[in-house]
Each structure stands twice: as C-alpha cells, then as structure tokens.
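> Residues per chain are reported as follows:
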Amino acid sequence: MLKTILLAAAGALFATTAFAHVTLETREAKIGSGYKAVFRVPHGCAGSATVKLRVQIPEGYIGVKPMPKAGWKLDIVKGKYDKSYDLYGHSINEGVTEIDWTGNLPDDYYDEFVMSGFLSDSLPVGEMLYFPVVQECEKGVTRWIEKPAKGADPDSVEHPAPAVKLLPKK
Amino acid sequence: MERPRPFAAFPHLRSAMTRFHISAMQQKVARTLLGVILLTFCIVGQAFAHAALVASDPADGTVLANAPAELSLTFDEPVSPLILKLIEPDGSGVSLGNPKLDGNRLVLAAPSSLGTGSYVLSWRVISEDGHPVGGAVVFSIGMPSAGVSPGAATEAIDWPLRAAIWLCRVLVYGGLFTGVGGAFFLAWLAGGARVARTFVAGVSLAGLAAAGLSLGLLGADALDLGLLSLAEPKIWATALSTSYALTAFFAALSMLAALWALYSRGPIKARAVSALAMAGVGLALASSGHAATADPQWLMRPAVFIHATAIAFWVGALAPLAALFAGNDKAAKPALRRFSAIIPYVLAALLAAGIVLAVVQIGHFGALVSTAYGRVLLVKLALVALLLVLAAFNRWRLTNPILAGDGRTERRFVRSIAGEIVLVTAILCSVALWRFTPPPRALADAAPAPPVSVHIHAERAMASVTVSPGRAGTVSVSAFVVGGDLAPLDAREVTLSFSMPSAGIEPIRREARKLDQGQWRVDGLRLPVAGQWDVSVDILISDFESVTLKSEITLR
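Respectively, the protein sequence lines represent chains P and Y.
Here the numbering used here is used: the first residue of the first sequence is 1, the next is one more, and so on.
Here the numbering used here is used: the first residue of the second sequence is 1, the next is one more, and so on.
Errors might be hidden in some of the hints.
As the list claims (entries may be wrong) - Below, a list of computed lysine-lysine pairs in the BS3-like style, where the Cα atoms sit at most 25 angstroms apart: (1) Y/Lys-514 x P/Lys-139; (2) P/Lys-65 x P/Lys-78; (3) Y/Lys-550 x P/Lys-147; (4) P/Lys-147 x P/Lys-80; (5) P/Lys-150 x Y/Lys-550; (6) P/Lys-78 x P/Lys-36; (7) Y/Lys-550 x Y/Lys-234; (8) P/Lys-150 x P/Lys-165; (9) P/Lys-69 x P/Lys-139.
To be verified - Some residues of chain Y that are not near chain P, with every Cβ distance over 10 angstroms (derived): (10) Leu-53; (11) Leu-64; (12) Leu-96; (13) Gly-354; (14) Val-376; (15) Leu-387; (16) Arg-395; (17) Gly-419; (18) Ile-421; (19) Leu-433; (20) Pro-450; (21) Arg-513; (22) Asp-516.
No lab work stands behind these hints, which were simulated from the structure alone.
Just so you know, even glycine gets a beta-carbon here, dropped at the ideal spot from N, CA and C.
Please build the complete structure, drawing on both the sequences and the hints.
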C-alpha cells in the first residue's frame, strides 16, 4: 500500500513536466486489450478559447467510439485501415479514422475528451503510439502532432503528439 | 468552533479507512502521503501552460516614425524574464534592464538615443511551468537598415569581464606553452631532469584553472552578463555549446597529461605522455578561434596546429634551460646541444605557419594599420623580431662557447634566456588581445554577398533553403520543399525560423508564402547579425503530420 502511494506520488511529480501540453491521461497500455483514451486539454491557443479538437486515430487503435460531451458536437470520420485487424474474432479493415469535437472551452478552463477502443495485438510492443491532435481556437491553431525522434526527450519538440507506450500483452 | 476532522473533505476515504480498521499509525502515514500527493497536484495545477507571446509594442515587423520610449511584451500568463536583449542596427546587443511586471505584460524602458534602423527585441522568459520559452520581435525606426557584422559594432564594454577573459587566456597560453612545452623538454631533451619541475607544474596548474574559468567567462560574455553571473548555470551551459568548449577540453587534458609526465617515474612513460600532451596543445588551439575557423579549413587548422606545437616546443624549453645552467646541472650542455640541433626546423615550421595565418587573416596590407587586429599583429611582430634577434645572439654568440666549456658565457646565457622569457610573456599578453578583435577577413565586405544555401534532408522531406544576399541585413529566404523520396510534396504550411543562440537571439519565426508547388518564400526578413544562424524549417504536410528540418547557415 505504502509502495503504491509512493509510486503514485512519484508519478504525479513526474507528470508535471508534460502538463502544459495536450496529453493522454494513461501513458502506458497493454496491446490486445481495450484502452480508454482520455485527452487532457489544459489551455487554449496562446490565450484564445478552444473551439474544436480533432484527433487522428492511429493505425491499430480499432473499434473506436467517442464519449459524447454535453455542449460539444461530435463528428466521426470513417475510412479504410492500411491493413485488416482482428477484433474479437472478426476481421475488420475499416473504421473510425478521426474524431472531432466542436464546442467552446475558454482558455481559463480545463477539460477532458474521452474515447474508447481496442489496441490491436499486432501493434509493436515497446513503441509509442501517437494520437496527433489539432486544437483549433477562436484565434489560431495549435497542432499537437510532432513526434520526437526515437529515444529523444519528449520535450525536444515544441508540440508533441499525445502518446501511449505499448506494453506486452497479458 | 468545530475542530477540523481529518479527511473532512473526503468522507468516502474516511469511511473506507474505518471500514478496513486501519491502525492509527497507518492512518497517520497515509494522511501525510495524501497531503504530499494533494500538494503535488496543487503545484501541478499552478503549472499549467507554456507562456506564449500574445502581443508586443512595437508589434513585430512595424516601422515606427520615432524611437519608442518603452517596449512591451504581452504574454497569455504571468512570466518571469530571463534574458531581454535589444540587438541594434549595427549588430551590437544591449541587455535591457529590469522590466516592470504589469500582470501578463513586461514593460521595458527603451534605451535612449535609438537611431534609425532595424532592431531585434529578443526575449527569453520562464513561464509558470518552469519551462523557458523564447522568441524575437523585429521593428524598425525611420526605415529598415542593412546589417553590419557584429565585430564592427561599438558595444558597451564590460572592462572587468574583458580583463578577466584576457588574463585567463594569457594563463592558458602559459600553461600550454611553458607548462606542456616544459614537460616535453624535460622528458625528451633534458633526459628527465627535475630542474624547474615545480615551476613548470605550477604554470600548468594555473593554466588548468584558467581553462575552466575561461569557459564560464565566455558564457558570461556571450549572454552579455557581468562577472557576477558566473554562479548561474545557464552561463556554463551556453559556454559548453560553443566550439571553445572543445578548446578548453583539449587544453585541460593536455595540461593534465603534462603534470602526469612531470611526475611519472619511467622516462619512457614521461616521453610518451608528454608527446601526447604536445599534440593536445595543437588540438586545443586548432579547435576554435578566429584563425582556426577561417577558410580554407584544410590549410588553417593544420597551420594553427603546427604554429601552436612549435611555440610550445620553443617556449617550453626556455625556463628549464635557464634553470639547468643557473644550477650548473650536468644535463645542461647535452640538453642545449639537442635543443640547438632541432630548433632551426621547429622555427622554420613556426614562421611558415605563422605567415600563412597572418596572410589569410589580414587580407591586405592596409588592414595592418587600420584595424585593431592588424595593430595587435604589428606589436606582436615587433616583439617576435626582438625575440628572434635575441635567439640568434644566443645561438651564434653564446651556444658554441658554452658547449666548449666557457663558464662566464653561461651566466650571460641565463640572463639572455630570462630576456627571452620576458619577451615571450609580452607576446602572449599581446596575442591574448586578439580575443577582442575580429580579423580584417571577417570585417571585410559589406559588398554584395552571394546567396548562401543549405540542403536539409530527412526521411519524410527535404528542403533547400537559400538566403540572399548571404550577409546580415534584410534578406529573402526561399525554400524548395520536396518529399524524402524526391516526389513532389504539396505542403500546407511552411514556417521558417532563424535563431542565433551564441548572440542570444531567440527564434525569429516567419510563415512562408507559397509561390508554386514546393516553392516557398519569405521576403524582407531581417537577420541583423553576421555569423552562424540555426535554421529550422517546419513543414506541415497534412493536418496531422508535420516535419521539422534543422540545420545551420552562415551569413557574412
């Protein structure tokens, strides 16, 4: 119990560095299992309110469904996958490729945007899976779409894409 | 009044604890930890965002009729200033004093007497999350001006800092030439004699300390901060990112090796280590500096290497030779004989390399008198001429009688070498002044400069960036962007950023205009300072995909 709490505290401290960015709440997940992606939006674009959040669904994150949000209009873009995936015994080769929320989030407020889906067990273990996000504001756009070079500090890019680290299957 | 109960705000937690009969001790631990975690989240809560510049006065790119009385930068949140600098039309940088903090706004008093021309207001601040962020705003008074190389600028000079830099440089030269050269002489020519060892070691140690300190001083100079800023880590980080860090590193290694050679027992080990130390002298001085970085590189770097090692050979011999003869050492005459046999060749190499360096750096005769660099060279050459006269006198009048066994000549010889040492010290003191005088080569030409280009290649995309004209001032930048496989790449946006960390100029960002597919252009960009600029090309390929290409480009 003590150990868990200490780890949690350490984790919370560690998390501070990335808090200024749009990030995923859960930073690690097992492949071959469900994953609830919670996007945390800490601020607008240089002080301007967020009016739209567009999330590109990465290849291998399948069976995706967004959680509706009061005051926000949902748009789902569907398309073909690069290859076919196995979802609970079914082979699928198309699905959601982009989810957009349209609404208003003043710069002073914080909010979270949620979707649920399944991490295909064909995803590469140990790698980061990036969810590029375009944050559109009343004035300006911030693109959280940069991917740091392999092994580089995530802070080495100005606007890193939210990412989850892929762990081995249970 | 009700006493606050533990976990009053968290009834569910409290009930959970009671339910599981957690002991008082465990509860106390858990409460403390919970406090820590909550506190952590509070800190996190405050530290939400990177600051972004929302507005500036004057605004980026404006041309003002009159000099502004104050400058202001408005951010989207409160910030604390780190470095605020105004780069003037002549390329000189002025640190701006303490800004007034007015909410999210930083208000700076503009320096008085701002003349006509273009200015860069370079800012670096710490936002609430502790991350430093920076950028630059360019504005002009009257009309935009052409750029001038930073050397021609008349900066406000920080004399104590300059004196410290100069002294450190003299001490580093002393350590490299007298210290490392001395260790080499003792090991190779004096048959491992111990005379003057403490002196040679002392000079090396002083050089070693000065090499370390000189790094910090360089950082302080680069960021335009005074001597008192030496305790600040950013000074050292800046210095470590320069090519001088390599010089300091090789110099320190070389002097450590000299110390090792001086105090090692085996003659073979002493010789091997001192020879490595000598190579270190050449490497140290060929790693950075005006001369080593001039073109053509294949000629200049080896010339500096040869010049430096030859000096170390000559200068290093002086103190031990004087000590050998003053102490009537048995090893004195054999050492002098060997030294005399080798020195003509060393001197020839030294002079040849020196002439090459001087010719490239000076360019034309007029510069000898008209520039500070040339005048330092004239003083140095006069001292070198005197030194050569004295050395010739030693060789042709004194050396043969001494080797023939004339005791009276030996005393004159020791005095004469002492004279040489004084002259060498004077030469090193004058040469150390070059740190502050850019060579005429670098000052030359406000003349039309050919465009400079850089080609940057990455897996997803590549770009050819051309800056024309290729000098500081108002330039046009064109970027030709294609896919990594040379396929056409119809980018949605291209942003070019230029920064010069060594001059404290934060990225100047401009969105490029699309001319045609793959052809992007920024006109009227002001890059006020000559030297090496970091270029970054941000290419937005699609809504969700971007590539950043980085390289350097050198403007005259």
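> Compare the structure with each hint and give your call.
Right, here's what the structure says about each hint:
Only pairs whose Cα atoms come within 25 angstroms are accepted, and Y/Lys-514 paired with P/Lys-139 is accepted, the gap being roughly 22 angstroms. As the CA atoms of P/Lys-65 and P/Lys-78 are separated by approximately 11 angstroms, the hinted pair is consistent with the 25 angstroms bound. Between Y/Lys-550 and P/Lys-147 the CA atoms are separated by roughly 15 angstroms; this keeps the pair inside 25 angstroms, and the hint holds. For the proposed pair P/Lys-147 and P/Lys-80, the alpha carbon gap of about 23 angstroms is at most 25 angstroms, so the pair holds.
Note on P/Lys-150 and Y/Lys-550: the hinted pairing holds, with a Cα-Cα distance of about 16 angstroms set against a maximum of 25 angstroms. Pair hint P/Lys-78 plus P/Lys-36 holds up; C-alpha atoms about 19 angstroms apart against a cutoff of 25 angstroms. Only pairs whose Cα atoms come within 25 angstroms are accepted, and Y/Lys-550 paired with Y/Lys-234 is accepted, the gap being roughly 23 angstroms. A distance of roughly 13 angstroms separates the Cα atoms of P/Lys-150 and P/Lys-165; the hinted pair therefore holds under the 25 angstroms criterion.
About 23 angstroms separates the Cα atoms of P/Lys-69 and P/Lys-139, which keeps this hinted pair within 25 angstroms; it holds. Residue-level check failed: Y/Leu-53 sits 8 angstroms from the nearest beta carbon of chain P, not beyond 10 angstroms. Distance check for Y/Leu-64 against chain P: the nearest CB is about 24 angstroms away, which clears 10 angstroms, and the non-interface claim stands. At the 10 angstroms boundary, the C-beta of Y/Leu-96 stays outside the reach of chain P, the nearest C-beta of that chain being 23 angstroms off.
Residue-level check passed: Y/Gly-354 sits 44 angstroms from the nearest beta carbon of chain P, beyond 10 angstroms. With a least beta-carbon separation of about 42 angstroms from chain P, Y/Val-376 lies farther than 10 angstroms from that chain, consistent with its non-interface assignment. For Y/Leu-387, the shortest C-beta to C-beta distance to chain P comes to about 52 angstroms, beyond the 10 angstroms cut-off, and the non-interface label holds. No beta-carbon of chain P comes within 10 angstroms of the beta-carbon of Y/Arg-395; the shortest separation is about 60 angstroms.
Look at Y/Gly-419: its CB is around 57 angstroms from the nearest CB on chain P, clear of 10 angstroms, so calling it non-interface holds up. At the 10 angstroms boundary, the C-beta of Y/Ile-421 stays outside the reach of chain P, the nearest C-beta of that chain being 51 angstroms off. Y/Leu-433, annotated as away from the interface, keeps every beta carbon of chain P farther than 10 angstroms; the closest lies near 40 angstroms. Here Y/Pro-450 stays apart from chain P, with its beta-carbon at least about 33 angstroms from theirs, past the 10 angstroms limit.
The non-interface label for Y/Arg-513 is consistent with chain P: the shortest C-beta to C-beta separation is roughly 18 angstroms, beyond 10 angstroms. Distance check for Y/Asp-516 against chain P: the nearest CB is about 24 angstroms away, which clears 10 angstroms, and the non-interface claim stands.
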